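J.: Here is what each chain is made of, one letter per residue.
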Amino acid sequence: MPGSEPPLLAVEALSVRFRAESGMLTAVDQLSFEVRRGETLAIVGESGSGKSVTSLALMRLLPPAPGCEVSGRVLFRPSGGGPPADLLALAPEGMRRVRGDRIAMVFQEPMTSLNPVHPIGEQIAEALVHHRGASRGAALEAAVRLLERVGIPEPRQRLASYPHQLSGGMRQRVMIAIALSCDPDVLIADEPTTALDVTIQAQILELLADLQRQSGMAVIFITHNLGVVAEIADRVLVLYAGRAMEQAQVLDLFDRPLNPYTTGLLASVPLLDPFAPVRQGLRAIPGNVPDPQRLPPGCAFHPRCTHAVAGRCDSAVPPAEPAGAGRLVRCLRWREIVEGALA
Amino acid sequence: MTGAPLLSVEDLEKWFPVRTAGLFARQARLRALDGVSLTVGRGEVVGVVGESGSGKTTLGRAVLRLLAPNAGRILFGGVDITNLSRRAMRPIRPRMQLVFQDPFASLNPRMTVRNIVGAPLVVHRRGDAAERAAAITEALELVGLPRGAAERYPHEFSGGQRQRIGIARALILRPDFLVADEPVSALDVSIQAQVVNLLLELQAHLGLAILFIAHDLAVVGHISDRIAVMYLGRIVEVGPTREVLARPQHPYTEALFAAAPVPDPRRRGQRALLAGDIPSPIDPPSGCAFRTRCRYAQPACAAGRPALREISPGHVTACIRDDLLLGPSPRGAPS
Ligand SMILES: Nc1ncnc2c1ncn2[C@@H]1O[C@H](COP(=O)(O)OP(=O)(O)O)[C@@H](O)[C@H]1O
Ligand SMILES: Nc1ncnc2c1ncn2[C@@H]1O[C@H](COP(=O)(O)OP(=O)(O)O)[C@@H](O)[C@H]1O
Ligand code: SF4
Ligand code: SF4
Ligand SMILES: [Mg+2]
Ligand SMILES: [Mg+2]
Chain A
1 MPGSEPPLLA VEALSVRFRA ESGMLTAVDQ LSFEVRRGET LAIVGESGSG KSVTSLALMR
61 LLPPAPGCEV SGRVLFRPSG GGPPADLLAL APEGMRRVRG DRIAMVFQEP MTSLNPVHPI
121 GEQIAEALVH HRGASRGAAL EAAVRLLERV GIPEPRQRLA SYPHQLSGGM RQRVMIAIAL
181 SCDPDVLIAD EPTTALDVTI QAQILELLAD LQRQSGMAVI FITHNLGVVA EIADRVLVLY
241 AGRAMEQAQV LDLFDRPLNP YTTGLLASVP LLDPFAPVRQ GLRAIPGNVP DPQRLPPGCA
301 FHPRCTHAVA GRCDSAVPPA EPAGAGRLVR CLRWREIVEG ALA
Chain B
1 MTGAPLLSVE DLEKWFPVRT AGLFARQARL RALDGVSLTV GRGEVVGVVG ESGSGKTTLG
61 RAVLRLLAPN AGRILFGGVD ITNLSRRAMR PIRPRMQLVF QDPFASLNPR MTVRNIVGAP
121 LVVHRRGDAA ERAAAITEAL ELVGLPRGAA ERYPHEFSGG QRQRIGIARA LILRPDFLVA
181 DEPVSALDVS IQAQVVNLLL ELQAHLGLAI LFIAHDLAVV GHISDRIAVM YLGRIVEVGP
241 TREVLARPQH PYTEALFAAA PVPDPRRRGQ RALLAGDIPS PIDPPSGCAF RTRCRYAQPA
301 CAAGRPALRE ISPGHVTACI RDDLLLGPSP RGAPS
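Protein chains in written order, with our numbering: chain A, 1 to 343; chain B, 1 to 335.
No lab work stands behind these hints: they were computed from the structure.
What you are looking at is a predicted structure, and each value in this text was computed from that prediction instead of being measured.
Every residue, glycine too, gets a C-beta built ideally from N, C-alpha and C.
Per label pair, the in silico range of CB-to-CB distance:
| # | chain 1 | residue 1 | chain 2 | residue 2 | range |
| --- | --- | --- | --- | --- | --- |
| 1 | B | M111 | A | A276 | 35 to 43 Å |
| 2 | B | D128 | A | A341 | 50 to 58 Å |
| 3 | A | Y162 | B | A71 | 34 to 42 Å |
| 4 | A | S22 | B | A28 | 52 to 60 Å |
| 5 | B | I92 | A | A341 | 47 to 55 Å |
| 6 | B | L206 | A | A267 | 23 to 31 Å |
| 7 | B | T20 | A | R96 | 41 to 49 Å |
| 8 | A | S71 | B | D128 | 54 to 62 Å |
| 9 | A | P116 | B | S280 | 15 to 23 Å |
| 10 | B | G127 | A | G23 | 43 to 51 Å |
| 11 | A | H164 | B | A71 | 27 to 35 Å |
| 12 | B | V18 | A | M111 | 19 to 27 Å |
| 13 | A | P153 | B | R152 | 50 to 58 Å |
| 14 | A | S47 | B | L206 | 26 to 34 Å |
A few chain A positions that, by computed beta-carbon distances, are all more than 10 Å from chain B:
| # | residue |
| --- | --- |
| 15 | P7 |
| 16 | P64 |
| 17 | A65 |
| 18 | D101 |
| 19 | L114 |
| 20 | N115 |
| 21 | V129 |
| 22 | R132 |
| 23 | S135 |
| 24 | Q293 |
| 25 | A310 |
| 26 | G324 |
| 27 | L328 |
| 28 | W334 |
| 29 | E336 |
Turn these sequences into a full structure, and let the hints guide you.
T.: Okay, here's the thing in structure tokens:
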């Protein structure tokens with residue numbers, strides 16, 4: 001578990017804006033979070049909340065200015081020691097050394113990130129040749145070991161396989177093998193199981209947890225599924241319309257959500273409950289996720305929030321307030337709501 | 001359930017001719033439906049779950065006669081529709097409708113919502129212009145879309161609203177049977193709950209029968225009266241929802257339970273994971289098709305294809321072992 005050592009990655013007031021028809025669109029707004037060695041931070045939010053943009057910003061894979069503006073700091077402290085560097089300020093060459101080596105990424109759809117015309121062995125070996133200067137032979141040998149580590153049967157025979165010859169689960173394992181090839185300090189996994197069946201999702205989650213236990217890497221796990229969050233996270237950041245609504249240890253968040261959006265999100269998860277009456281329906285959050293080009297003023301959640309108060313919630317963006325035990329909550333009324341629930 | 005079921009499927013088979021890959025490529029049969037029998041009563045919601053590739057979509061399309069089965073029978077409202085011509089199907093079509101998974105791909109981007117929702121009226125030559133307009137307004141209201149929606153285009157709507165448009169289109173002819181093929185799988189949880197609730201309201205209001213296809217056992221559990229579990233083109237378990245959730249009888253159903261993420265971090269941990277992928281339906285394992293991944297498999301499981309065996313009224317399983325104590329929650333009792 002994370003101790004008091006400094007974070008591997010400290011994100012400070014990260015903002016990302018895109019040029020859109022109607023001026024600038026804010027996809028990520030003043031986001032701050034940290035991850036430590038061996039820790040899994042889950043970033044959870046519905047589609048369009050800014051999860052992928054956040055991960056692409058950390059990897060410096062967003063389009064260049066003026067179409068896209070990124071501000072804030074991403075302080076990275078490599079595990080080997082050395083002073084922290086702000087990734088957003090690194091020269092492109094320096095960033096290329098970090099990306100895929102110290103910080104690696106796994107995407108939702110392996111089919112679009114794998115090259116369809118190259119055998120997977122070559123694709124795994126590539127990172128080792130590129131970052132480590134390994135010979136092709138040595139890199140392919142390492143690829144066999146990596147495939148084995150990610151649970152692919154008959155790894156040596158698999159080197160020559162093309163992506164389309166593999167199942168979705170196997171392709172995701174290959175993506176993980178590529179990400180792990182340089183033994184990264186931080187793994188960013190952007191909805192790596194969303195396109196998979198639950199059975200295969202469970203396998204991949206277990207694999208990631210095992211790999212993390214072995215290597216001590218930090219994992220930033222991005223998902224829209226709170227069930228998955230409960231399975232893997234140490235800490236959770238709840239994102240809505242590009243803003244952190246709440247940050248907490250996983251047990252605290254599920255035991256006692258403080259932000260009304262978190263509460264609503266938890267309540268809308270379908271549960272496997274054999275004792276519930278049939279056809280009982282689900283607890284929905286009314287309304288829709290807002291369009292970032294037309295964000296509601298004030299708290300962006302207010303049009304859907306059952307606790308919203310006109311004149312307060314729609315006037316200014318609520319600040320993120322500390323709420324004990326390393327928690328942060330962004331809601332003008334969280335104290336009243338918690339007291340109301342206790343009363 | 002009283003009287004004859006609305007839909008009755010008997011030993012349905014559907015195979016696709018395919019060429020196998022690799023060195024010894026040959027023509028082969030991919031068995032997408034391999035002897036499926038199932039009923040849906042009037043006003044009943046039957047959930048179908050299984051991993052992708054288990055044949056759920058093929059089943060949904062076959063019962064709607066959107067593809068022709070190779071063997072077996074489909075009875076709808078007491079009529080054998082298995083081999084009906086397009087023309088003979090015409091009066092039956094309006095009674096059976098489909099809601100698609102993908103609310104983005106299934107709506108024509110160049111048509112207004114009015115024309116999308118009203119299209120079935122035109123196809124089936126129902127009503128005059130005024131009656132059609134009234135029916136469209138009513139259908140949009142029924143699914144909770146604002147009045148102004150009719151003149152707008154699909155891209156102006158969010159995923160959840162697009163799914164409402166698809167449901168309005170499916171309901172405008174007032175069908176008594178709906179196939180909903182993963183209607184909420186592509187939606188955010190908060191929106192998924194809205195659409196599930198809408199389907200439940202409409203079902204109660206209109207007395208619809210629904211074949212609700214999903215890969216998420218929890219969603220199916222919330223909407224269905226009965227659950228059918230499919231694996232490699234076969235139904236391996238069917239039963240009343242509470243029965244299946246409380247006392248799953250087939251090891252595959254148990255495995256689906258084990259895989260479903262539980263939104264409770266205190267229950268994280270050891271679970272009996274299903275290993276490997278679903279095998280190819282071109283060469284399914286002999287005997288029980290699940291045996292290559294089943295933790296309870298015995299040599300006898302390879303011998304013959306297990307028949308559905310009744311455990312309690314209406315609860316059947318295709319597992320030969322009657323000595324297993326399966327649970328909905330292989331990692332401990334629900335807290
Ligand atoms: N290249 C881009 N140009 C303009 N807008 C973008 C771009 N990439 C993402 N966005 C917008 O930023 C918002 C957040 O997107 P994203 O991070 O992909 O959401 P999530 O991953 O949480 O579903 C969305 O509204 C999206 O439309
Ligand atoms: N038109 C087709 N031609 C060949 N194979 C098909 C076709 N449609 C479906 N299949 C195959 O049939 C099997 C069942 O598919 P499907 O019914 O879509 O399953 P599910 O909906 O449960 O994911 C799969 O192996 C799929 O690849
Ligand atoms: S600030 Fe107001 S609208 Fe926003 S979550 Fe809190 S109570 Fe709801
Ligand atoms: S018949 Fe055998 S292999 Fe099939 S589910 Fe039962 S125990 Fe498992
Ligand atoms: Mg995304
Ligand atoms: Mg399908």
